[in-house]
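Sequences are here, hints too, so could you generate the full structure?
Using our numbering, the first residue of the sequence shown is number 1, and each one after it goes up by one.
Just so you know, not all the hints are guaranteed correct.
[Claimed, not checked] So the derived label-pair ranges between C-beta atoms look like this:
{"id": "1", "residue 1": "Asn69", "residue 2": "Val15", "range": "46 to 56 Å"}
{"id": "2", "residue 1": "Lys82", "residue 2": "Trp137", "range": "20 to 30 Å"}
{"id": "3", "residue 1": "Lys82", "residue 2": "Leu14", "range": "28 to 38 Å"}
{"id": "4", "residue 1": "Asn141", "residue 2": "Ser79", "range": "43 to 53 Å"}
{"id": "5", "residue 1": "Asp109", "residue 2": "Arg72", "range": "16 to 26 Å"}
{"id": "6", "residue 1": "Asp78", "residue 2": "Asp21", "range": "17 to 27 Å"}
{"id": "7", "residue 1": "Ile101", "residue 2": "Val16", "range": "32 to 42 Å"}
{"id": "8", "residue 1": "Pro19", "residue 2": "Tyr62", "range": "44 to 54 Å"}
{"id": "9", "residue 1": "Asp140", "residue 2": "Gly100", "range": "44 to 54 Å"}
Rather than coming from a laboratory, the hints here were simulated on the basis of the structure.
For every residue, glycine included, the Cβ atom is placed at its ideal position computed from N, Cα and C.
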Amino acid sequence: MYNVALVDSGKYSLVVHAPNDTLSAFIQVKVFKSPEKITLYTQTQSTCAKEYQLFTKGDSLYSYQWYLNAKRMLGAADSTWKPSVTGVYSVTGFNAAGCGISSSPVYVDIDPDSIPFLTRLKNPTRLQAPLAQSYYWFVDNYLVAGSN
Numbered sequence: 001m002y003n004v005a006l007v008d009s010g011k012y013s014l015v016v017h018a019p020n021d022t023l024s025a026f027i028q029v030k031v032f033k034s035p036e037k038i039t040l041y042t043q044t045q046s047t048c049a050k051e052y053q054l055f056t057k058g059d060s061l062y063s064y065q066w067y068l069n070a071k072r073m074l075g076a077a078d079s080t081w082k083p084s085v086t087g088v089y090s091v092t093g094f095n096a097a098g099c100g101i102s103s104s105p106v107y108v109d110i111d112p113d114s115i116p117f118l119t120r121l122k123n124p125t126r127l128q129a130p131l132a133q134s135y136y137w138f139v140d141n142y143l144v145a146g147s148n
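In structure tokens:
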């Protein structure tokens, strides 16, 4: 038996000569390019907090699936992902033929102390924020005068 690796699209034929007969077969083959390697990297978006955006680097990819701690993340199907919890992230990219390639995992540490929050105190109604270098309070997207 003889096998051949198909690397190009086209019409392939096989002709077999036997002592008393000759057999032939034809097949049309479409070979899809393998997806390129995916490189996964983080970019800090804020100098004040550990706020990361995960990016993929790889051409010819049609769709994506993100994973957190090796588990599929529902709805995470873009070329970028903004993690909100600490964990190990990876992504698999697929080309138009459905061939997939996965990134190496990357560990992202989300510092919960860097995530701003507001506390509503009862009587009188008052908002309180954690300690920071500066504050800007807004109401209906307008800066409250004297609040910074």
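- Task: For Lys82 and Leu14, compare the CB-CB distance with the range 28 to 38 Å and indicate the outcome.
- Result: violated (52 Å)
- Task: Given the range 20 to 30 Å, decide if the beta-carbon distance of Lys82 to Trp137 lies inside it.
- Result: holds (25 Å)
- Query: Is the distance from the Cβ of Asp140 to the Cβ of Gly100 consistent with 44 to 54 Å?
  - Reply: Hint holds: Cβ distance 46 Å, inside 44 to 54 Å.
- Message: Looking only at beta-carbon atoms, does the pair Asp109, Arg72 fall within the given range of 16 to 26 Å?
- Response: holds (22 Å)
- Task: Using the beta carbons of Asn141 and Ser79, state whether their distance is inside 43 to 53 Å or not.
- Result: Between Asn141 and Ser79, where Cβ atoms are some 30 Å apart, the hint is violated.
- Satisfaction of the hinted span 46 to 56 Å by the C-beta atoms belonging to Asn69 and Val15: holds (53 Å)
- Message: If I claimed the Cβ atoms of Asp78 and Asp21 lie 17 to 27 Å apart, would that claim hold in this structure?
- Response: violated (57 Å)
- Given the hint of 32 to 42 Å, check if Ile101 and Val16 actually sit that far apart at their C-beta atoms. holds (36 Å)
- Is the hinted range of 44 to 54 Å satisfied by the C-beta distance from Pro19 to Tyr62? Check passed, 50 Å falls within 44 to 54 Å.
The structure fails hints 3, 4 and 6 (numbered hints given earlier, in ascending order).
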